[in-house]
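J.: Given next are the chains, with one letter for each unit.
2 protein chains.
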Amino acid sequence: MFNKFCKKQLWECSKDLSAVAIGKTPAETVIKNAKLINVCTKEIIENTDVAIHSGRIALVGDASHCIGDNTNVIDANGMYIAPGMLDGHIHIESSMLSAREYARSVIPHGTTGIYYDPHEICNVLGFKGVEIMIKDAEKTPLKAMLTLPSCVPAVPGFEDNGATITSEDIREQMKLSEVVGLGEMMNFPGIQLSNDETHAITGETLKADKIVTGHYSIPETASGLNSYIAAGIRCCHESTRAEDALEKMRLGMYAMLREGSAWHDLKEVSKAVTQNEIDSRYAVLISDDTHPHTLIENGHLDHIVRRAIEEGVDPVTAVQMVTINCAQCFHMDNEIGSITPSKCADIIFIDNLENFNIKKVMIDGEMVAENGKMLCTFPESTYPEYSMNTMHVGEKITADTFKIKTDKKDKVTVRAIEIIPARVGDYERHITLDVKNGCIESDIKQDVLKTFVFERHNNTGKHGVGFVKGFNIKCGAMASTVAHDAHNLLVIGTNDQDMALAANTLIECGGGMCAVCDGKVLGCVELPLAGLMNTKSAEEMSQKVENLDKAWKKIGCDIVSPFMTMALIPLACLPELRLTNRGLVDCTTFNFADLEVE
Amino acid sequence: MFNKFCKKQLWECSKDLSAVAIGKTPAETVIKNAKLINVCTKEIIENTDVAIHSGRIALVGDASHCIGDNTNVIDANGMYIAPGMLDGHIHIESSMLSAREYARSVIPHGTTGIYYDPHEICNVLGFKGVEIMIKDAEKTPLKAMLTLPSCVPAVPGFEDNGATITSEDIREQMKLSEVVGLGEMMNFPGIQLSNDETHAITGETLKADKIVTGHYSIPETASGLNSYIAAGIRCCHESTRAEDALEKMRLGMYAMLREGSAWHDLKEVSKAVTQNEIDSRYAVLISDDTHPHTLIENGHLDHIVRRAIEEGVDPVTAVQMVTINCAQCFHMDNEIGSITPSKCADIIFIDNLENFNIKKVMIDGEMVAENGKMLCTFPESTYPEYSMNTMHVGEKITADTFKIKTDKKDKVTVRAIEIIPARVGDYERHITLDVKNGCIESDIKQDVLKTFVFERHNNTGKHGVGFVKGFNIKCGAMASTVAHDAHNLLVIGTNDQDMALAANTLIECGGGMCAVCDGKVLGCVELPLAGLMNTKSAEEMSQKVENLDKAWKKIGCDIVSPFMTMALIPLACLPELRLTNRGLVDCTTFNFADLEVE
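These protein sequence lines are chains A and B, in that order. Mapping of the first sequence onto my numbering: residues 1 to 598, in sequence order. Mapping of the second sequence onto my numbering: residues 1001 to 1598, in sequence order.
Don't take every hint at face value.
Taking lysine-lysine and the DSSO-like style, the derived pairs with C-alpha atoms no more than 30 Å apart in a straight line are [to be verified]:
| no. | chain 1 | residue 1 | chain 2 | residue 2 |
| --- | --- | --- | --- | --- |
| 1 | B | K1210 | A | K4 |
| 2 | A | K35 | B | K1042 |
| 3 | B | K1210 | A | K175 |
| 4 | B | K1267 | B | K1042 |
| 5 | B | K1554 | A | K175 |
| 6 | B | K1007 | A | K207 |
| 7 | B | K1175 | A | K8 |
| 8 | B | K1554 | B | K1436 |
| 9 | A | K8 | B | K1207 |
Rather than coming from a laboratory, the hints here were simulated on the basis of the structure.
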């Protein structure tokens, strides 16, 4: 099943590897004099060599006898070496980068494998979008292991998106060799309520002997969590409390501890490991969503390992959490996740365990990055026209579109969504607003703003209306087509004119994110690939986002990565209240909710 | 791939399990008030309930809400519960019991799953013999997971046996759903020397995405061991030194620490875990070969866990070594090896962690044993005629057959095999013997005895001649058709008449083991099923072996389980000197050796 991800199948080169290890044939490459971070036994082994052939590890120990005239000898000079790091759960789309550019930005940070769930592009373009990701990733040395989007749309019946994935689709697509499992099963109510189609989707994955990955986002660890895990769901990255992560591990579920750009769970959830004397084999570190600025400024898994160490996790334990633990979760420890004979020669060189700077990165025996830069280039990618033209909004949007009429006279109490910066959850708040000329208006003083979600896939002309609290903007408006998971057009604003400008700016540029004020576009990040990604480099995208960040600040928004928090407003599988293009959704009972409170 | 081993596929019952856990449907069975040995986190969790449905675990925690009118409630009364124990490497044939009777004897000791390599019967009957084992095991609740014999014959060219298994056979048989991997790859020279056929056998296993199990019996951990592991060999049960077991784990190989009836490795190899501060996830406890008396007197994995605890292994760590660690080795931790939702409800009840007595055993949600006794019966087995009639010795054996002629006059120096009681290795010794009437004779004073191996599969009439030291018998002779791995007819004796009697006794009864003296049969264990097993119960077989043990003692043999040590005399893949039906084999250079030393 590993054929897509290694240079040579083990059965094609085992004779060569055995011959190299025994000293009969020289190795292609030998790393000498390294401090091995042994993730199998949780030890550091000094003065270790590694002999490499056919992209795989032939020997670990003393490799003097493996060196021939043509062997490429790399002196590690006492540097630490560790297995290439694995991100057990990520969405490439969150980086706003194409898979190709994403790979270019994370490999120098020591990431050699990812388990990605392309459910964002799948919501826009269906499997045609997933194929774009596969083909793009294949051009790079990154091992891009696909988990098939399981919940497209995320919460059926509550939103309109660009595609529907059925259990039959899953059965068919599980045959692809790139597919190693099912992406996060967000529909935990469907699992708990024994919904036929939901269990058919997980069931088709189990039949294919692949891994069902999870998403259990509520702080509950009793009957509900058990009911969810009982369906064979093997991991979950949604714990925000240490006790939830601990309980998941106790129930045999891999607890994927998240440190993304917008959700900083690690400070809290790392306590599951640091404050309990437990076997940590079921703990994994993952990023979930990382924005380009974070990739450029902080890095990727190297940053997350540093953060774990800061939180008191033993460094070797932290390395296990991005290598062997993750590989075991996916039943791939026979191929990746440790520096041991027969495995793919995915090896990172680290300066020391305090700074955890990645100095060199080897994938399949080739040195691919050094000192933060890629050493190789990738073939060019082209993207089909349908993927670069996905704004299909079925109504002409003007300032009038944003009027919210009411029968109430002076005051009206509305349900508002209060965001929690750096967390995925939100609160439902009931807030009283003024009525002017029969319409409900945004209230800047209370920080309660009009919010609209426009369907953008099939020209249906449907839109949902609500209010949001917590962004603190004082003027203008902001909009985004990155709006989980249907990725409709989301607009938040202080006044109707600017809201219309923000919406139309994105319709014109093919999708993206923007901030406007007083009739001017202050900043715009164009995301023409499915309205989610740009094909430019991480550096360029980081710069664009930084400019947009300034624009957000200009209109008063002071939270970290506001667009990531904003993008979750329509995600009706997270508690408590969300807004989709069909209206407000009470995500604890899964019912539509009225805007006005009786 | 698990369909043969569970009551219901997870995808067939996940809806039911989720419904039970959430409290919508009552559980079939609830275990209340247990102390859970949590092998995932290495903790003991007090006051734990387990809800069970469709043979699987639905919930772990508080199961009050899962109890309905028809729920079978089992009060654990504060007893410990642990996952059913798994033996990662065993040969059923060593117990002399049929698979059916083996299951009956080990289940009450808490064994719920075995990874068995039926290479003994395969050497006699080929895959027809393996099929007998599969069909027999299927009649029992024991999860009998098959690893296909990889080395039949064990050391090609050095012995004659009843079948030859090729890589094409392996490719074909890997399709069987009972097969989870390849049995111990004993031909480590073939791996190290990049032999095509040897690598094809491991390669076909890798292609089938199944597990290659190992056998690396020499005390070497550098280029040779690396060369062996580089071929994708995942585990090895042959360490006899702690440093070998440790190094295997460091190289990502599961170190299966053995405590069999005849080889007591644990005292030494457990130090790998107790004297090093390492992550022990790569350590597994296994039995390899257990004789019926041990099963009756000491037990099976319960005994081995007790032994590990005696040697200073933390009890919960020891339980991990027979549950989750083993399941992870075989990539089956999604189905067995922990008490967590979705897994097969294979659960053992233990009185306390000091005595580790198994009080109850549940498999697939059914209580199958209690207080050391099976609660259920198995359907009867019948065995085909060809499997009950396997003594095909192509020569008439008389006292004259055992004359060993020499050209030397008074004295001759011979190569003798010196056994090491309770270990699998032996030594080559050069010993000077008297010559009488042109023949070399056994020397009771020096404890050096004539040893013959007769081919018994194809009437070839070939036999090999040597001497053995260490059994200490003073009169008579002993014989066995359990003689690894070709299972030819092995005879050791002090005089030619008794040797002939011993040989003919076994030929007449269809194979087995016997001890004779002065023309009388003192004891005989008949093994008519392939000359390896009897279809009687463990109790009866234990009694028979005990009687034979007395007979051995009567002729002077004082070592523990002499027949198991004896049975290794022909096994030419173990160091240093062995005797097959083709002659003496130097097992360090893999050459035939002359009986007489120049």
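J.: Please go over all the hints and tell whether each is borne out by the structure.
T.: Cross-check of the supplied hints:
1. B:K1210 / A:K4: Holds - the C-alpha atoms of K4 of chain A and K1210 of chain B are around 18 Å apart, at most 30 Å.
2. A:K35 / B:K1042: At roughly 29 Å apart (the allowed maximum being 30 Å), K1042 of chain B and K35 of chain A satisfy the hint.
3. B:K1210 / A:K175: holds (18 Å)
4. B:K1267 / B:K1042: Holds, because 23 Å separates the two Cα atoms, which is no more than 30 Å.
5. B:K1554 / A:K175: Violated. K1554 of chain B to K175 of chain A sits at ~65 Å, over the 30 Å cutoff.
6. B:K1007 / A:K207: holds (15 Å)
7. B:K1175 / A:K8: Distance ~23 Å between K1175 of chain B and K8 of chain A Cα, so the pair holds.
8. B:K1554 / B:K1436: Roughly 27 Å between the alpha carbons, so the hint for K1554 of chain B and K1436 of chain B holds.
9. A:K8 / B:K1207: holds (13 Å)
Hint violations for this structure: number 5 only, all remaining hints satisfied.
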